[in-house]
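If you're matching them up, the sequences are chains A and B in order. For reference, each letter of the first sequence is one residue, going 1 to 764 in the numbering used here. For reference, each letter of the second sequence is one residue, going 1 to 327 in the numbering used here.
By construction, these hints were calculated from the structure, which means they are not laboratory data. For each residue, glycine too, the CB sits at the ideal point set by N, CA and C. It is possible that part of the hints are untrue.
Covered stretches of chain B (chain A as the covering partner; in silico rule of three or more C-beta atoms under 8 Å from a C-beta of chain A) [what the hints assert, rightly or not]:
| id | stretch |
| --- | --- |
| 1 | 71-81 |
| 2 | 114-120 |
| 3 | 224-234 |
| 4 | 314-323 |
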Amino acid sequence: MTIVETRAKRGDASDGTLGGRLSRIDGPAKITGAADYALERQPDGMVHAVLVDSTIASGRVLSIDAEAAEAAPGVLLVMTPDNALPIKSATDWLGTPPPDVPYEPLARTITFSGQHVAAVIAETFEQATSAAALVKVTYEDTAAIASFDDPRAGDGMAIDQMTVEWGDAEAALASAPVRISQEYKTPREYNVPIEPHGLIAHWQGDTLTVWEPSQWIDGMARTYAEWFDIPFENVRLRSPYIGGGFGSKALPLEHGAIAINAARMLGRPVKLAVTRPQTFTAYGGRPATRQTIALGATREGKLLSIVHRGANETSITGIAVEPLGSVTSIMYATPNFSSRQNIVPVNTVKPGALRAPGENPSAFGIECAIDELAYEVGIDPLEIRLLNYAEEDPHAKKPWSTRRLREAYAAGAEAIGWSNRDPRPRSMRVGNQLIGYGVAAGTYPVRRTPGEALVRILSDGTVEVASSSIDMGQGTYTILAQTAAEAIGVPVETVRVKLGDSALPRAPVAGGSQLANLMTGAVHKAALAARDELIGLAINDPNSPFRALQANTLVIENGQIASPRDTGSAVAIAEVMRRTGRDKIETLRNTLPEKLRNDKDHFRNFTTISTMLSPTDGDYSLHSWCVHFVEVRVDVDFGTVRVARMVSALDSGRLYNPKLAESQWKGGIIMGIGQALLEEGIVDSRHGRVINNNLGDYLVPTNADIPDLEVISVGIPDTHASVLGGKAVGELAIVGVAPAIANAVYHATGVRVRDLPITLEKLI
Amino acid sequence: MRDFSYLRAASVEEAINAAALPATMLLAGGTTLLDLAKCGVADPERVVDISHLTGLDTIRVDGEGAFIGALAKMSRVAVDAAIQQQFPAVSEALWQAASAQIRNMASIGGNLLQRTRCAYFRDPATFPACNKRSPGSGCSALEGVTRNHAVLGGSDACIATYPGDLAVALTAFDAVVHLGERSVAIDDFFLLPGSTPNREHAMQPGEMITAITIPTSVAARHSTFIKVRDRQSYEFAAASAAVGIAFEADGKTISDIRVALGGVATKPWRARGVEDALRGRAFEPEAVKQASRLAIEGAIDHGANHYKIELAPRVVERAILKTGAMA
Ligand SMILES: Cc1cc2nc3c(=O)[nH]c(=O)nc-3n(C[C@H](O)[C@H](O)[C@H](O)COP(=O)(O)OP(=O)(O)OC[C@H]3O[C@@H](n4cnc5c(N)ncnc54)[C@H](O)[C@@H]3O)c2cc1C
Ligand code: SF4
Chain A
1 MTIVETRAKR GDASDGTLGG RLSRIDGPAK ITGAADYALE RQPDGMVHAV LVDSTIASGR
61 VLSIDAEAAE AAPGVLLVMT PDNALPIKSA TDWLGTPPPD VPYEPLARTI TFSGQHVAAV
121 IAETFEQATS AAALVKVTYE DTAAIASFDD PRAGDGMAID QMTVEWGDAE AALASAPVRI
181 SQEYKTPREY NVPIEPHGLI AHWQGDTLTV WEPSQWIDGM ARTYAEWFDI PFENVRLRSP
241 YIGGGFGSKA LPLEHGAIAI NAARMLGRPV KLAVTRPQTF TAYGGRPATR QTIALGATRE
301 GKLLSIVHRG ANETSITGIA VEPLGSVTSI MYATPNFSSR QNIVPVNTVK PGALRAPGEN
361 PSAFGIECAI DELAYEVGID PLEIRLLNYA EEDPHAKKPW STRRLREAYA AGAEAIGWSN
421 RDPRPRSMRV GNQLIGYGVA AGTYPVRRTP GEALVRILSD GTVEVASSSI DMGQGTYTIL
481 AQTAAEAIGV PVETVRVKLG DSALPRAPVA GGSQLANLMT GAVHKAALAA RDELIGLAIN
541 DPNSPFRALQ ANTLVIENGQ IASPRDTGSA VAIAEVMRRT GRDKIETLRN TLPEKLRNDK
601 DHFRNFTTIS TMLSPTDGDY SLHSWCVHFV EVRVDVDFGT VRVARMVSAL DSGRLYNPKL
661 AESQWKGGII MGIGQALLEE GIVDSRHGRV INNNLGDYLV PTNADIPDLE VISVGIPDTH
721 ASVLGGKAVG ELAIVGVAPA IANAVYHATG VRVRDLPITL EKLI
Chain B
1 MRDFSYLRAA SVEEAINAAA LPATMLLAGG TTLLDLAKCG VADPERVVDI SHLTGLDTIR
61 VDGEGAFIGA LAKMSRVAVD AAIQQQFPAV SEALWQAASA QIRNMASIGG NLLQRTRCAY
121 FRDPATFPAC NKRSPGSGCS ALEGVTRNHA VLGGSDACIA TYPGDLAVAL TAFDAVVHLG
181 ERSVAIDDFF LLPGSTPNRE HAMQPGEMIT AITIPTSVAA RHSTFIKVRD RQSYEFAAAS
241 AAVGIAFEAD GKTISDIRVA LGGVATKPWR ARGVEDALRG RAFEPEAVKQ ASRLAIEGAI
301 DHGANHYKIE LAPRVVERAI LKTGAMA
């Protein structure tokens with residue numbers, strides 16, 4: 001069980017309550033190295049698996065010659081599709097029942113370079129690595145379509161569910177006095193978390209323990225149970241800490257099935273960690289996208305029509321949709337709108353989720369396009385955004401629950417000094433540096449799934465919170481301690497939070513920026529129930545010191561119970577527990593609606609996303625909002641872009657812990673700077689392979705690339721969005737960063753770069 | 001990576017003797033060797049660890065010049081006060097190379113011998129064709145992604161860029177590479193790929209770098225290193241230039257000028273054409289601009305690396321202007 005003790009020093013007493021700036025309570029463990037990450041376990045008898053991956057992008061495996069590898073020192077098994085024990089197909093994450101065919105994580109048919117074709121398991125990692133190089137795979141090689149830029153890829157297939165239309169967009173565009181139309185592109189981008197994906201699988205009879213970094217313990221445990229045909233209860237998945245996921249650690253992957261199967265076949269614990277190059281092929285990142293955006297407007301810049309056509313790459317065998325119209329359809333008021341999307345199958349690993357899938361590239365398109373329109377009609381880029389401000393959700397035609405975007409524009413413009421900007425492109429300069437200011441907005445929806453939590457008040461007066469939800473650095477441990485401390489009335493130091501273990505009460509996926517809201521809701525409910533029970537005990541138990549008071553309620557503050565009428569007689573919770581002879585008070589609560597409170601729906605709620613509510617289910621449209629203001633410096637000769645200053649104003653509703661929310665925002669902004677200027681999976685078009693598959697060549701920002709980031713919270717509590725008033729935090733801030741930078745680069749240089757990243761050769 | 005035997009050398013003699021055996025590699029900081037072993041490029045049968053040898057990490061600067069032992073760490077050379085004073089371009093090149101962690105591990109000898117970042121070279125499982133790795137197998141880059149490949153000094157067999165920074169500064173200032181008894185001028189130490197891109201330098205089996213010396217010069221004292229790249233730190237050069245200038249007594253006429261380029265050529269590239277055009281001339285921006293264009297004489301691009309032909313002269317020009325203003 002991973003227990004994080006709340007022993008953080010506080011700036012002042014209010015830091016411990018909800019809304020206080022308490023430092024991360026798992027911080028000391030991480031800094032001192034005491035935090036035990038899943039892959040650091042060393043169960044007795046553990047052996048190591050190393051994957052053999054395809055070196056062609058399209059074709060089929062003709063034969064696998066494992067003789068040399070099998071004879072190599074320490075080798076226990078060379079697993080191929082022919083000798084692997086069968087695995088069943090599993091229900092997918094949406095809840096779709098599986099096809100009645102076996103699931104084969106080792107491929108016979110090759111659809112991308114880097115696909116797993118065999119695995120070598122040996123006593124040591126070095127032996128497995130060296131033997132894996134001896135496995136000879138013979139292929140029949142067929143022509144690969146490396147990317148959607150290959151004409152043979154065609155236009156792909158339409159995803160009709162993505163179509164959003166109102167009015168008559170084409171006609172309105174055709175008759176608009178001002179028209180612009182451009183294509184915007186983003187390349188393949190990768191999650192590359194510092195902690196690699198991987199697992200340690202350990203069978204004891206027909207129970208399976210898996211140590212694995214996971215963004216969704218219950219969803220993955222359910223899949224493992226189905227794959228290996230054992231009851232859900234027989235799977236124990238443990239994920240104490242996660243070294244970054246950004247969306248990529250939420251779903252079970254092929255290498256997981258391979259390692260668990262090897263452990264079953266060998267009867268020994270098996271460890272498998274993907275290599276850094278495999279973080280580009282063992283799962284997919286954000287697919288490459290392209291969007292054509294045509295805007296029709298009045299001469300004053302008022303939108304008349306938006307026509308949007310998007311496409312993203314997907315794999316040959318899977319459907320991955322990056323919803324490119326998600327921001328386009330709600331950011332601005334327009335009487336006519338049309339958005340459609342295709343997906344284009346190419347020989348790549350199936351793309352996955354990467355921070356703000358959909359919203360992120362969507363904002364790059366519309367937020368650059370609106371900037372282009374501003375210059376076209378000759379008004380300020382900030383002005384045009386206010387002119388076309390959407391007072392209600394233009395797509396769902398519902399009122400926003402809260403939309404503090406106007407306040408965000410005002411706060412950000414003031415902080416960056418927007419009024420100092422000379423509006424003419426390429427007009428501001430110091431020495432060799434061209435200076436540019438850019439602005440762009442972003443948004444992320446509030447997704448909602450019911451949660452569950454257990455709260456325990458122990459005999460010593462301390463409190464435990466337990467959930468199978470996880471903390472990948474976003475602060476779950478900390479805010480749940482704060483929630484329970486405040487609800488019960490105890491100092492935050494006396495709360496212990498247990499997470500990351502499928503033996504604990506259920507939790508849905510830590511994705512879609514929903515976890516903080518749903519978990520604080522569940523903990524709040526369970527903690528209030530525990531508090532009620534404690535007060536009930538104190539009032540009613542014959543041995544309670546409050547029995548004589550005949551009070552009908554009591555207050556709890558700072559771990560002390562007192563009568564509101566008799567302030568002199570505060571008694572510690574532990575003392576009440578001792579006198580009443582209770583060893584604990586335990587409350588398990590969930591926030592499921594009545595109709596889902598049966599075993600089947602309860603299970604479905606936490607192990608699939610089928611019960612997740614959309615942002616427009618209900619009377620309101622629920623979204624977080626942000627705006628980024630950027631000052632860039634572009635070297636006039638070298639074309640190198642440096643972000644000199646950045647101010648972001650964000651509306652995530654109420655912040656449960658502003659310090660942690662700000663860190664999350666800044667993390668997103670830093671990732672956005674990387675996306676704007678550096679990140680790109682470079683594909684060799686002949687071999688269909690991403691060739692910069694390492695952190696020396698796939699560039700993410702260094703400290704030197706990041707200026708001081710100023711973030712300003714403009715949110716107010718939004719109780720339509722969540723029980724305690726918070727909206728989405730984690731994925732919000734990356735949205736809009738890249739277009740803000742691209743717009744600033746245009747202002748600095750007069751050059752519009754419409755395909756990311758903005759590297760120097762595009763500007764010289 | 002496969003099993004190899006490991007020898008921790010007790011002396012330079014022992015290291016040299018061991019290095020003469022086939023399929024043997026020296027190990028200094030290991031930041032190149034281990035990386036390439038993981039990629040499956042370096043596959044030695046024997047590894048001879050020289051990192052513990054004593055007396056090879058001296059850094060000394062006197063009236064003659066600088067003496068830098070082969071095992072001196074990049075970070076130590078970068079912060080050495082005498083190096084900073086007498087050879088600022090050398091210190092600056094080191095500061096802008098790799099990351100703090102790598103600079104703390106990596107040796108000067110190993111740094112010179114770092115291998116190209118050509119992605120095809122680094123992935124033998126997927127790209128068997130690479131003349132540098134296996135002579136005669138072809139070149140996967142010529143028809144591939146060439147954004148980081150060389151525009152100068154390439155051949156039909158190989159267009160891989162020499163990635164290092166330090167060697168560029170050393171080339172500008174006529175450093176000498178000491179291989180025990182023998183010594184080789186740095187410009188002769190690095191070889192053009194020609195038809196044998198597998199041969200990158202003039203060392204023979206059984207030789208090792210023991211030291212580097214750099215002769216003192218006024219130009220070296222008035223020198224600078226400019227490195228251009230998309231990421232501000234921890235990235236190889238898109239183009240770089242080391243420049244040193246000395247003036248006549250009039251403070252205007254260029255008496256000596258050194259220009260070397262990095263990130264654009266198959267070896268550290270001395271731009272003698274630029275030097276010849278400016279030596280004896282008055283320092284004047286327009287002349288500098290014109291002369292800087294000569295830096296890319298004979299350049300050939302392969303599509304995606306065309307920008308280097310635009311960029312390199314601009315980097316040279318900026319470096320000359322900056323150095324001229326300091327001198
Ligand atoms: C991600 C990354 C980024 C980098 N960025 C940069 C950069 O921006 N600029 C830059 O200049 N460099 C960069 N480098 C390269 C780095 O500087 C070199 O890896 C390092 O200098 C090598 O030194 P080492 O002592 O670790 O060499 P080793 O790895 O120990 O050795 C390298 C090679 O030299 C041989 N060798 C070592 N010492 C001797 C000797 N005395 N005599 C003969 N042979 C010897 C070894 O056999 C081996 O072949 C980068 C490296 C990495 C991994
Ligand atoms: S450029 Fe040189 S190193 Fe790169 S693939 Fe061709 S031969 Fe090999």
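Against the structure, the hints come out as follows:
1. With 0 residues bearing a CB less than 8 Å from a CB of chain A, the stretch 71-81 of chain B misses the requirement of three and the coverage assertion fails.
2. Under a criterion of three residues with beta carbons nearer than 8 Å to beta carbons of chain A, the stated coverage of the stretch 114-120 of chain B is upheld, 3 such residues being counted.
3. Under a criterion of three residues with beta carbons nearer than 8 Å to beta carbons of chain A, the stated coverage of the stretch 224-234 of chain B is upheld, 7 such residues being counted.
4. As drawn, the stretch 314-323 of chain B meets chain A at 4 residues by the rule of a beta-carbon pair under 8 Å; at three or more, the given contact holds.
Comparing the model with each numbered hint stated earlier shows that hint 1 is the single one that does not hold.
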